[in-house]
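Enquirer: Chains as they are written, first to last, in our numbering: chain A, 1 to 328; chain B, 1 to 257.
Since no wrong hints were added, every one of them can be taken at face value.
Cut-off 16 Å, straight-line C-alpha distance, at most; resulting in silico cross-link-like pairs (EDC-like, lysine to aspartate or glutamate): (1) K13/B / D293/A; (2) K170/A / D58/A; (3) K229/B / D303/A; (4) K227/B / D303/A; (5) K227/B / D293/A; (6) K240/B / E319/A; (7) K240/B / E312/A; (8) K322/A / E245/B; (9) K323/A / E245/B; (10) K221/B / D145/A; (11) K157/B / E191/A; (12) K227/B / D300/A; (13) K249/B / E319/A; (14) K229/B / E295/A; (15) K240/B / D309/A; (16) K227/B / D143/A; (17) K68/B / D88/B; (18) K221/B / D143/A; (19) K13/B / D122/B; (20) K292/A / D238/B; (21) K249/B / D303/A; (22) K217/A / D14/B; (23) K202/B / E109/B; (24) K264/A / D303/A; (25) K217/A / D293/A; (26) K227/A / E319/A; (27) K157/B / E196/A; (28) K18/A / E161/B; (29) K170/A / E53/A; (30) K153/B / D112/B; (31) K153/B / E191/A; (32) K13/B / E295/A; (33) K292/A / D14/B; (34) K264/A / E253/B; (35) K69/A / D182/A; (36) K13/B / D30/B; (37) K217/A / E312/A; (38) K229/B / D300/A; (39) K197/B / D80/B; (40) K227/B / E295/A.
Just so you know, the hints here were simulated from the structure itself, not pulled from any lab data. Computed from a prediction, not measured in an experiment: that's the story for all the values here.
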Amino acid sequence: MSQGILVFIEHRNGALNKTSLEAIAAAQSLGSQLQQPVSAVLLGSDLNTLAQEIATYDLGRVVTASNAKLAEYTPDGYTFAMEHAVRQLDPQLVVMPHTYLVRDFAPKLAARFEKSLISDCIRAQVNESSITFTRRIFLGKLDADVVSDGQPPVFATFQSGAYRPDQAAKGSAAAIEIIPVDVGEIRMTPEAPFQEVKQAVDLSKADIIVAVGRGIKSKDNLALAEKLADALGGDLAASRPICDAEWLPIDRQIGSSGQTVAPKLYVALGISGAIQHLVGMKNSGTIVAINKDPEAPIFDIADYGIVGDLFEAVPILTEEIKKIKGVA
Amino acid sequence: MKIVVMMKQVANKDAILRINKEGTWIEEGDLSFEVSESDGYALEEALRVREKLGGEVVVCSMGPQRVKSVIKDALARGADRAIHVVGDNLGHLSPYAAAIVLAEAIREEKPDLVFTGLQSDDFGYAQTGVILAELLGLPHATIVIEVDASAEKLRVKRELESGWYQWYSMATPALLTIQSGISQIRYATLKGIMAAKKKEIKEVAPPAEIVSRPSHQRIEKIYLPQKTKQTQLLGNGDAKAGAVELAQKLHTEARVI
Ligand SMILES: Cc1cc2nc3c(=O)[nH]c(=O)nc-3n(C[C@H](O)[C@H](O)[C@H](O)COP(=O)(O)OP(=O)(O)OC[C@H]3O[C@@H](n4cnc5c(N)ncnc54)[C@H](O)[C@@H]3O)c2cc1C
Ligand SMILES: Nc1ncnc2c1ncn2[C@@H]1O[C@H](COP(=O)(O)O)[C@@H](O)[C@H]1O
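Chain B on its own, in the form it takes in the complex (with noise of 0.2 Å):
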């Protein structure tokens, strides 16, 4: 089984994100980076299957020369090499044209699967997997949750909303785009950082004609959202003091103890 793996370089969830003076984006200057979440249990769900059937599993990343410390991870848990498709300024591409340039990169290594994240921590568009199965011609499935596969077949659980799922079956080649919490993710050992030192990342350009042709779909500006309801905001930067004014609030106005 040859395994392609999607992951996605993204700002920390943590990190405080400041508009740009334009308002057209984040500054992105002094802000930490961070693997998209579903895209590292997408990771660890090939390595699973490797280790069970054999194979190869490679890891694409799309982005800035920053995304080297996401491939570099994967690497040293346990992915055997690496495409990266190299530019700076890809992240206005719609999902459409993510899906080209990603389909470009891979299409050569003729996976078996290809697994993705159901969904960007930061644009979350939820769409660049399956364009991409369609424009690889392969068949698919979204927000797997379990994948049992064996040489002759794929079956995976999908989940569908409020608690409900259901299994597909299709044939290999297939691309799959994984949930969080599939299984529980490993962590780079030192000997897997070692390793990964002598393990190949194979640098690609993004075809130029992809990059340049103007978006369909433009972000316009950002900004804050709008706050819908008037939050009593309680102890004024002292969580202590808020705290013992919360109790009070839910006795005497809330009523709920």
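So here's chain A without its partners, still in its complex pose (with noise of 0.2 Å):
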């Protein structure tokens, strides 16, 4: 019978993830509820030091599947390889972080036991012995909860910043037992990771920030922005879709795929608040989001909000800001 719940590490080359102690965190909160013991599962080819790191969480195993053809991710490789570790561990449930490398392979393990992932989680709610997955949809507008038919393996990813590294515990040294991997044909050669030239603007260093999204609605209306941006002594940026359509380059851009900022003062002009923005700018020390959806998700995280039409707001937002600073 499937026991036990199993926990994804993701590293790269040997460097831990750090969303990996948030998916441990995930998995020792479901197994003491479940009363199911966790088992974690590296996948590479050198996993000796990074094993020993895991083994001092509080887990049942490390389980350790070496092949050299894992050396360099990629989604056949890691695909056959947890394939094959699900099914000789035959756990009930399997934890991973929602991070991009996971998202880049994990459908198609979950595929092979002819299912899919309960994707992106926000939290898990144990009742008796079934769990209820929440997750957001529609771009963070709502939450879903989420019940599967509890067919073993239940496949789960968990957004980072559902639980956080800190919560998971560490143990007394957890055994590392090292499990023969078969890995079939790798289709795809990837080249090494690399970073785009130097970016000519540096937003992680900025005091204030001026940020504007989808709700500034033209090209010509950052003239808007920047003006408040100018009085406020900060930089403008932007949410993605500025800079995917080039009104703004793509080193303003905060998020998962832009710039991790944390200035003293941060401020949302038209950005709903998607998870993947949020990420890059949730640290701020205050927040202030100007939207016209009182339920946009910007306002979760904002200290100070006004629910409204942004081209009414920011021109006197502006003035009353030179007016206090004294150079109207």
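Both chains come to you apart, so use the hints to assemble them.
Expert: In structure tokens, the structure reads:
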């Protein structure tokens, strides 16, 4: 009978991806409520050091699936190896962090078990022996409670921030087990990861940021936000769609695929607050949101909000700030 | 090159979503719809590859009759023909079941490339494309932000987290999930709209046994997210008054100006 929870540990060349600790915390929490042991699984080729690091957490065991073909991540390689590990270990539940790497191979893995993932969960609640997973839908506007039919293995991925890495409990040296895995044909060839040439603008040091989203409507309207940024002595930034449309260069994009910032003041104009944007700015000191939709998720993290038309609010805000600063 | 592009119709981004009485889904009756954002970019990239290498772009969309508006717009923008998998209530399909239906709808096309969006704007599963690749036996790459395709090779740039990228090469046929912003989207011209009227839209029915199979994951209820932070809302619906108040608060309370 299927038993236990298996948590997938993500790393690059042996360097742990910190969201794996959040996945450990998720698996431990579910494991204690379901009274199920938690095992961790690592895929790669040279995993000794990392396996020992993971074994310091409160886990039943750490399983390493080693194969030279796993030295570099590929979706084909990881799917083969994880499929093999899941079939051998036969868990009830497989927990993974919802990272770009997991998104790349885990749906393929689940498909080998004739199902899909319960993806990008923000919470999970155990009632007796079943789990209700909560995931955000409609770009963060609504929450959905999702239940699976319980047929093992259930695959679930958790959004970054759903659990805190420091919630992952330490334990007493979990046993490390090495399992052989077969890896079939790998059809894609990766080149080395790289960063684009040095970004012209480094917003990570900015004290004040005025960020615009799709609510700004047109490139011409950017001037409005620019004036506010000037009055505040801050920098202009944007959500992804603004950079996608090339209204602002990509080095002004905030979020999971842009820059991560934590200014003293972050003013979000016409930004809905999708998770991929929030991860880039949620640690800002004071967060201000101006948005005409009272249900926009950005209000969930804002200190001050104006529900209304940014085209009415921003010119006045700019003038008032100039007055306060005595430059009007 | 024959390229199939998967395009999903979703609720308009600015639409006010109302939850139905049962609390199980939104009221769809009076909603306006549009194409899921990254699917629009997937079509654009397909059109560019066709312009470079020749061939055909086939659009495939699954959903009720209303998705014809997405299909017609794609044809007006330059797609050659379309496959419409017609059915009401297909929204409850798991991404696995949806991928089975989509795979069957395009399998006979034997495409050289399949493009999907990286993530739908309504359910946001981020899975359908990858599962489709598995079902069709194709290698895949996700979150693709640049495509370098020639008759001999396919090289794609993938977006990784926090500003990192990576190139992957693979043989065709292959499936790519396209990230928004890959290129600038063209709009339909009047000529395109006229030409679209003559283009083929093939309607197919989804396999009944897939549609009627109970889903292995089921939405029990939907609701507004609980707020975790106490936001001070200023102006009480008057944006101008709010702005005056906000400037004061930033000065005297938050002390950031
Ligand atoms: C893998 C991946 C990576 C991503 N990376 C990033 C990233 O790094 N950064 C990022 O930002 N996004 C990223 N995204 C996209 C993200 O999911 C959202 O689509 C995006 O952040 C939405 O941008 P927005 O808020 O500007 O637009 P929308 O969601 O369209 O919101 C516009 C807002 O403006 C408001 N509005 C409209 N008119 C007015 C008005 N007159 N006055 C006031 N308010 C108004 C609306 O109510 C709405 O809330 C990523 C997505 C994926 C899948
Ligand atoms: N009903 C559908 N019709 C056409 N394409 C779809 C449909 N559902 C999903 N897709 C494709 O799969 C991608 C990912 O969707 P999802 O897995 O729901 O995030 C979308 O961007 C579309 O390209």
